[in-house]
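Asker: Sequence:
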Amino acid sequence: MEFITDKQTLADLNLLGKYKTGSLFNFFNRVKTKGGELLLEEMFRAPLTDVASINMRSASIRYLQKTGVGFEIDNDHLEDALEYLIGKRPSGFIGSLLICYQLKIQEILYHSDNFQVHQKQTKAMLEIFRSADILLGNLEKLEEKDNPCKSLQRRLSEALQNVAIQHFEVDRPFTLQETAHLQDLFLNKFRSQVERLFHILYEFDVLISVASVAAERKLSYAAASIEDSDILIEAENLKHPTLSDAIGNSILLSREKNLLFLTGANMAGKSTWMKTLGVSFYLAHMGFPIAADLMSFQVMEGIFTSINVPDDIDAGWSHFYAEVMRVKSVAKEVSDGKRVFVLFDELFKGTNVKDAYDATLAVTERLADYKGCAFVISTHIIEVGEALLKRPSVIFRYMPTIMVKSKPQYTYHLTEGITTDRQGMIIIENEKILEILG
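The numbering used here puts the sequence shown at residues 1 to 438.
Since the hints were derived computationally from the structure, they do not count as laboratory data. It is possible that some hints are incorrect.
Pairs of lysine to aspartate or glutamate residues, derived as EDC-like cross-links and limited to a Cα-Cα distance of at most 16 Å, are as follows [said to hold, decoys possible]:
| id | residue 1 | residue 2 |
| --- | --- | --- |
| 1 | K32 | D74 |
| 2 | K338 | E301 |
| 3 | K189 | E178 |
| 4 | K332 | E386 |
| 5 | K34 | E79 |
| 6 | K34 | E195 |
| 7 | K354 | E383 |
| 8 | K104 | E178 |
| 9 | K7 | E41 |
| 10 | K34 | E203 |
| 11 | K371 | E256 |
| 12 | K34 | E72 |
| 13 | K32 | D80 |
| 14 | K354 | E386 |
| 15 | K371 | E236 |
| 16 | K20 | E2 |
| 17 | K390 | E365 |
| 18 | K332 | D6 |
| 19 | K34 | D6 |
My request is simple: use the sequences and hints to build the entire structure.
Answerer: See the structure below:
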């Protein structure tokens with residue numbers, strides 16, 4: 001079963017993008033290899049939906065964080081080794097020897113540097129194996145009884161076995177026979193082992209990278225629970241992982257109380273809190289660390305957000321119609337029985353207040369009936385909250401605004417109930433807009 005989401009959600013939560021400022025991918029991207037970077041992106045694009053797999057990855061990262069195992073590899077060596085791997089595959093030692101003689105003759109007759117490049121790439125392969133051997137040695141020194149990386153560590157050990165390269169020193173030129181022998185080992189006899197080794201190193205690269213971020217930012221780990229658990233999402237002191245001075249808040253959504261109705265003024269922190277929930281839920285399904293004192297969750301099938309929905313000029317959609325189509329696409333997933341987490345920020349803000357009230361109330365009431373899903377819906381229209389007070393599956397929270405000498409200040413602390421704050425005109429008056437207009 002694949003974890004389902006879409007481009008809108010990925011954009012709302014700023015999850016992907018190597019060159020995108022503040023993306024969660026960049027936050028965790030401290031990998032040392034190109035292959036590790038590609039694997040990290042793959043993990044971001046495909047969160048897990050199996051409880052055991054999620055908890056195992058989470059435990060592996062936690063273990064590497066606790067033990068402080070490092071991973072050192074020269075990226076130049078890695079690039080040379082990868083070039084070597086895509087070279088012509090010999091049929092055996094004689095084939096390798098013929099290739100090497102051909103390169104050497106080209107060097108003598110035409111001053112070609114191909115043989116020297118070949119030797120350089122061969123030595124790079126040896127360096128990669130040395131780095132892998134050092135990593136394995138560091139892991140074996142730990143001798144931890146409960147080692148969640150044991151399976152990955154065993155695969156690393158198996159990938160290093162039988163490749164007899166210990167007596168080759170990289171600080172001297174190799175003879176033609178030695179060069180051919182190594183080429184036969186790496187590209188022929190143990191080709192599959194070599195390829196497995198590279199992928200295992202990429203896995204360790206990613207896990208150690210994430211563990212280093214978790215240690216530096218003092219992140220914690222969420223626990224995935226089985227499907228029949230009553231608790232859908234529970235978190236204490238949950239913060240956005242990329243915000244260093246974030247205010248933490250707590251949440252509990254269950255099958256019986258599965259919809260959080262959120263109110264508060266502009267700039268009070270509603271959108272940031274919704275992004276915090278979405279990002280943490282997504283990372284938890286990846287098995288990655290989150291910023292919280294505690295978090296447990298029921299594994300679901302996906303997440304959908306509607307936080308920054310743009311209009312669509314090409315399709316001829318107004319902002320309101322784009323919102324409607326967004327809600328429609330999510331409603332189809334929910335009504336099809338998908339167990340998803342849905343976050344709607346300021347539903348139907350693109351239309352008049354009366355229509356927005358009616359639509360927000362109607363959609364919220366119907367969504368709350370889907371007990372296998374969790375919902376967070378925010379709005380400025382506090383009258384919708386008052387109309388929902390008799391719904392047992394809805395809980396009410398707001399982000400307070402405190403007026404100090406006619407100026408709004410924000411606590412960012414989630415508070416039980418529905419806000420009565422109405423500071424819009426006060427802010428307009430503080431900015432002297434009416435005075436400017438005369």
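Asker: Does each hint fit the structure? Answer for all of them.
Answerer: Structure-based check of all given hints:
1. K32 <-> D74: Within the cut-off at roughly 8 Å; holds.
2. K338 <-> E301: With Cα atoms ~6 Å apart, K338 and E301 stay inside 16 Å; holds.
3. K189 <-> E178: Given pair K189, E178 holds - Cα atoms ~15 Å apart, limit 16 Å.
4. K332 <-> E386: Since the Cα atoms of K332 and E386 sit roughly 27 Å apart, the hinted pair is violated (cutoff 16 Å).
5. K34 <-> E79: The given pair, whose Cα atoms are some 9 Å apart, holds under the 16 Å limit.
6. K34 <-> E195: Within the cut-off at roughly 15 Å; holds.
7. K354 <-> E383: holds (11 Å)
8. K104 <-> E178: The given pair, whose Cα atoms are some 13 Å apart, holds under the 16 Å limit.
9. K7 <-> E41: holds (15 Å)
10. K34 <-> E203: holds (12 Å)
11. K371 <-> E256: Holds, at roughly 7 Å.
12. K34 <-> E72: holds (14 Å)
13. K32 <-> D80: holds (15 Å)
14. K354 <-> E386: holds (15 Å)
15. K371 <-> E236: violated (22 Å)
16. K20 <-> E2: violated (25 Å)
17. K390 <-> E365: Holds: K390 and E365 sit about 11 Å apart, inside 16 Å.
18. K332 <-> D6: The given pair, whose Cα atoms are some 14 Å apart, holds under the 16 Å limit.
19. K34 <-> D6: violated (26 Å)
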